[in-house]
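Take the sequences, apply the hints, and build the full model.
Protein chains: 2
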Amino acid sequence: MTSIKKITFLFLIIVPLLFAQKTHPNLLLTKSDVVKIKESLNKYDLFTKSFNDAKKALDEALSKPIDVPYPKDAGGGYTHEKHKQNYNEMHIAGFMYQVTGDEKYARFIKSMLDKYADMYPGLKAHPEAKIESGGRLFWQTLNETVWLTHTIQAYDCIYDWLSSEERAKYEKNIFIPMARFFMIDCEEEFDRIHNHGTWTVTAVGMTGLVLGIDEYVQKALYGSKLDKHGGFIPQLDQLFSPDGYYTEGGYYVRYALWPFFIFAEALANNLTDLNIYDYRDQIIKKAFYSALQMTYSNGAFMPINDALKEKTWLSPEIILGLNFVYERYGQDKQLLSLARQHNRVSLTGAGLLVAKGFQETEVIPDFEWKSVQYTDGGDGLQGGVGIFRHGNKDDMQTLLFKYTSHGLSHGHYDKLHFLFYDQGEEIIQDYGAARFINIEQKFGGRYLPENKSYALQTIAHNTLVVDEKSHFNGKQEVSEKYHPEKYLYDSSNPDFQYMSAVDKDAYPGVKMQRTMILVNDKNLYRPVVIDVLKVLSEKEHQYDLPYYYMGHFISSSFEYNPFTSERNLLGKKNGYQHLWKEAEGITKDGFIITWWNKNRFYSLINSADSTAKIIFTRIGGSDPNFNLRNEPGILIRKNAKDYTFATVIEPHGVFNPTLEFTKDSYSTIQKVSVVYDSEEYTVVKINGNKGINWTLMLSNINADRNKEHEIEYGGIKYKWQGPIFLQK
Amino acid sequence: MTSIKKITFLFLIIVPLLFAQKTHPNLLLTKSDVVKIKESLNKYDLFTKSFNDAKKALDEALSKPIDVPYPKDAGGGYTHEKHKQNYNEMHIAGFMYQVTGDEKYARFIKSMLDKYADMYPGLKAHPEAKIESGGRLFWQTLNETVWLTHTIQAYDCIYDWLSSEERAKYEKNIFIPMARFFMIDCEEEFDRIHNHGTWTVTAVGMTGLVLGIDEYVQKALYGSKLDKHGGFIPQLDQLFSPDGYYTEGGYYVRYALWPFFIFAEALANNLTDLNIYDYRDQIIKKAFYSALQMTYSNGAFMPINDALKEKTWLSPEIILGLNFVYERYGQDKQLLSLARQHNRVSLTGAGLLVAKGFQETEVIPDFEWKSVQYTDGGDGLQGGVGIFRHGNKDDMQTLLFKYTSHGLSHGHYDKLHFLFYDQGEEIIQDYGAARFINIEQKFGGRYLPENKSYALQTIAHNTLVVDEKSHFNGKQEVSEKYHPEKYLYDSSNPDFQYMSAVDKDAYPGVKMQRTMILVNDKNLYRPVVIDVLKVLSEKEHQYDLPYYYMGHFISSSFEYNPFTSERNLLGKKNGYQHLWKEAEGITKDGFIITWWNKNRFYSLINSADSTAKIIFTRIGGSDPNFNLRNEPGILIRKNAKDYTFATVIEPHGVFNPTLEFTKDSYSTIQKVSVVYDSEEYTVVKINGNKGINWTLMLSNINADRNKEHEIEYGGIKYKWQGPIFLQK
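Those protein sequence lines, which keep their order, are chains Y and R. Residues 0 to 727 in numbering that gives the first Met the number 0 are what the first sequence lists, from first letter to last. Residues 0 to 727 in numbering that gives the first Met the number 0 are what the second sequence lists, from first letter to last.
Keep in mind that the hints were calculated from the coordinates and are not lab data. Positions of the beta carbon are idealized from the N, C-alpha and C atoms, including for glycine. Hints are all accurate, no fakes.
Only pairs whose alpha carbons sit at most 25 Å apart, straight line, appear in this in silico SDA-like list of lysine to any residue:
#1 R:54 <-> Y:656
#2 Y:55 <-> R:663
#3 R:48 <-> R:59
#4 R:474 <-> R:434
#5 Y:572 <-> R:565
#6 Y:308 <-> R:596
#7 R:55 <-> Y:655
#8 Y:42 <-> Y:31
#9 Y:580 <-> R:559
#10 Y:670 <-> Y:560
#11 R:662 <-> Y:56
#12 R:81 <-> Y:554
#13 R:597 <-> Y:342
#14 R:451 <-> Y:656
#15 R:597 <-> Y:77
#16 R:662 <-> Y:77
#17 R:54 <-> R:358
#18 R:538 <-> R:700
#19 Y:662 <-> R:51
#20 Y:129 <-> R:662
#21 Y:662 <-> R:443
#22 R:55 <-> Y:653
Quick look at which bits of chain Y chain R covers, simulated, 3 or more residues with Cβ under 8 Å:
#23 312-318
#24 435-448
#25 544-553
Sample of chain R residues lacking proximity to chain Y, with all beta carbon distances greater than 10 Å (derived):
#26 225
#27 389
#28 705
Pasting the structure below:
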């Protein structure tokens, strides 16, 4: 169905593409935006402030000598940061020239372009270009495409002010060779269905729009061979699932959305018949909202795959995207609550509209985080993520369960992995990426070697590791062929939300099924997580299930042997070499580990018997440059064929050091046990104080809500309807 | 001089002590307070809110059955927390009865007292009383004195409402035996010049005031033998220095001030001629302000000695103290800025006054942190602390240099130790105490064994360790005999603040002198710390100087050998057993270590030559119960007789992950070297980029500001005036 649509669509838009931009500027800032902004410049505080801040910073920059240094440094280094600064300043100067009419801004851009026009034609590969997609101005083409994307907008703003000779010079020395470098020399990057590809086609496409070169625009839309194996349209088709989930995850979608919005807006202003904002049932809108839903209550993107935890929705990419979404999709008032946090709008017509909305809206609704599920893959058939929430933003629990496909080059080997948040804090963490972005001493600010050797390996995640190997043996090309299957997702009852997914491919011959439930009960402080991970295998394996808890260890219910005077590594490879073994122990009949974080305690109550080993780990082994954070984990190790790990994570009690007040530092739930387990059914008992006496009944293979199940075991009859039932 | 004054004073006050409290209540809440509060109940929001919050919580408590359990648990356990809750509820109920006139509050107190009256006479030593000063209701008498201090106030509030038979019963069964238990059985505690002693005399003294037993009041003031070897007055004389510094430090003064304010207020209302608030040149006021100056910009008490880092000036003790200071010492408007943070006042006449002030003051000035020095010891002659500040509260540097006396039982072996803060963060930390207060699993919430084995040892601090032994060999009785001597302190020039102190006793035969300077320079992002630690010894020793930096290691200027696959301990005792050795290396000619914290980088630039060893450490060895935080340190080890460690700590650059912007991740200062060093003089060169070329000239033994110095070395003549000079 979709492919037929796309083909029809292709024919429809071929004709209107024969154009040349009639007016300048007409990319993100249009002539009519300029008129509106001039009229309203001091009317809306948020815009006025953003305008004044930008103008002040730019005027200060204008007072200093221009420097266009010969490219030398990688990320974080002087020449790298200077070229970034230059495009940003040119970009703002273009806007300022249009709005204030002050020619000093135009002259500034011209002076800078003159220097680039002198230097660029002589540039060879960047000296720090250690990767395939190396650039000329920057160590990676990625930064260079961002440079062009911004500089072409500045050029567009002073286009009419320049003489035709000047235009010819810049086009000949900079824009055309750079665009051709991206299209031809970096053809693979240009045609990549990946956020780097999006930046590349955006840079080239926008250059085409300004220069009136149809070829650039068409190739930007449909790929270097115009066959839709690359380009903006296939990226919109394939990088997002039908409900807007971006295959690389929440952290990268923030970044990836940036060029999507830039190019979409430029296309909307130039190729109106393309109706880009309506394309694929408003996929751009869906992508934006899914990005927001992938944040925790502090606005930080949940760090699945390669991700830096510092990143929040305060990022400039989100500011720009939010402004366009607000303008193009019906002025959703919820977005104004983010604009309040941003305390800034983009210098565009959309930014003006947000500032107006913010000023004129009396009651701004909070952004509403929801329990939500997203499918993965362009076809929506490649697994997905499920998210549960409980509570309001001041104290919100969030549980994210990941059963997506690989997620391109930034994907991790983390099938059926999960993250858990409470109190505004990570409680069960995802390590994120091993990277200190833009810090030159740390491997030039690039992804560190430990990103590959640890952070993306399975053992770095809260999921099953079989025989100390990563999923798909850590091979991306294999991992990309498979994805888990969703089995259940239901968040309709806020007191009993459940989801379940199955993976059969991460380890040949091993089937993993994980069911995660968020249960709210009046006898407990907060909802608890029930986690049932069922493994089926014909052969015996070593199963390792780690939980990377955040906080300070308080107590365990069993004796362990701590390694207090000498510490050794947990293993030799696949990420195990990065874990110190801090202690190990054997439990008799289930165990409890309790830790403390901020104002609460957390306990992990697990069903392991005496044949399992419990290992305390700490990240940081085999780390000569001290690149890793030294954080704790608890690992359950079991040798078995079929085995089910049943776990409850319970937040409990109060720790108030200001009032020196502590309550319930021991968990209410005291015991979790698997009382019945077959391929078809699993029954788990959960017992504790305050009358907690629960029985969880799972049908592992039949999701039919009306199906009645009955089993008898140990003289007890279990009877229920549907795939899952919790008897209290 | 002081002793003559004290004796005169004693005679003066003996007479007015012959009294019995005429009206009830008349402790912290007086009859006239009650009248004022009734009149103004809904006038001042802060008071109204505090009143309503307390009433709501209490009314809820009143709806539940009263429980006075038989004592069983230590801190954090049920019976412990319940008895704490009980005295708090009785205390508030007393107030509520007085203000609302509702007899249900009086009945509530009576019912509870009935149960205590039944139980208390039969109580023996508390089952968890593992220390000498064990109590009956609680595992330590400390909690029990707090119980009496609050309960006697509740009793005072319903005194007139009770029948004389009821009063006789409570006095006979509870108040008199408990007061006598404290005075007689716990005589040592009662007479202790220590915060536990203050609580004890407060409880007994207030009981005496209400019951009209002069003996209790006099002994509370002057000790169990009335000879001023114990009691409130000697505590005021000896626990505070003449400028108000409390010998245990900032964390404990917060707690210690609580009974001081409670008893002082009760005395002021009953023994007006005592003029307690004017006693010793208003020592109570000075103590309160010195406590506030001992906080960092987030309101947290700088954690010298045993201290929990979570404690801030939001603590209830500070709320109460602030209210009385505001009322009794001229209504300082600055205090209202703290009241805003508290968002609460005490339920007293003073609380009402603060709420009124807060409501009626249009512009509330911020609290002003200052560069300040305090002497230590009752006579002010036992060393002290020096504090430098730079910048406003949004981004304030603070440097604390500690050259105090031991600081009683919570003191650490940390002569010439320092702490450094920036950006609202600890940059060079004090570990504080090893304790999880009120968390039962963690050693009953008491100080952990690691507090003694690590946290109070010298190696846990940023100061010199000789031959791997703690100062005074870790013997408190020896340490208490000595203190360092201040040599310099001058904060008059905000761009060049300096202090210096000398210790000759911590290690026999070793003289240590440390000079710390905060230098602001226009070529640097922020002021830098210059730290010159000079050691003189006739014999050769091993000198270890650790710096516990907070943040993530970024880079070092030298090669080191990292222990990546096996980790061992740094030593066997005196705290060394708690440090893992992570790496070690040798530098050639000075070294730089850089780390990252929040939005900035920090570098430590040191003068060590190739005969010194640099060791990377991490806290957490020999820690079977995982009681310690696993934090990094850098240790400079040098075998020598005389040696001078010269170090600069430089904050630099910008790390902005939201904008993906990094600047100056390398330090500006590149080299620190000692170019001349004798007993008399030390000259240090500090060189770097941006034209930094400084020479620091120190006269180590002559503090005369007018004295001219001249030395010649290596063909260069150094000439300066006064004890310290920085030539730029």
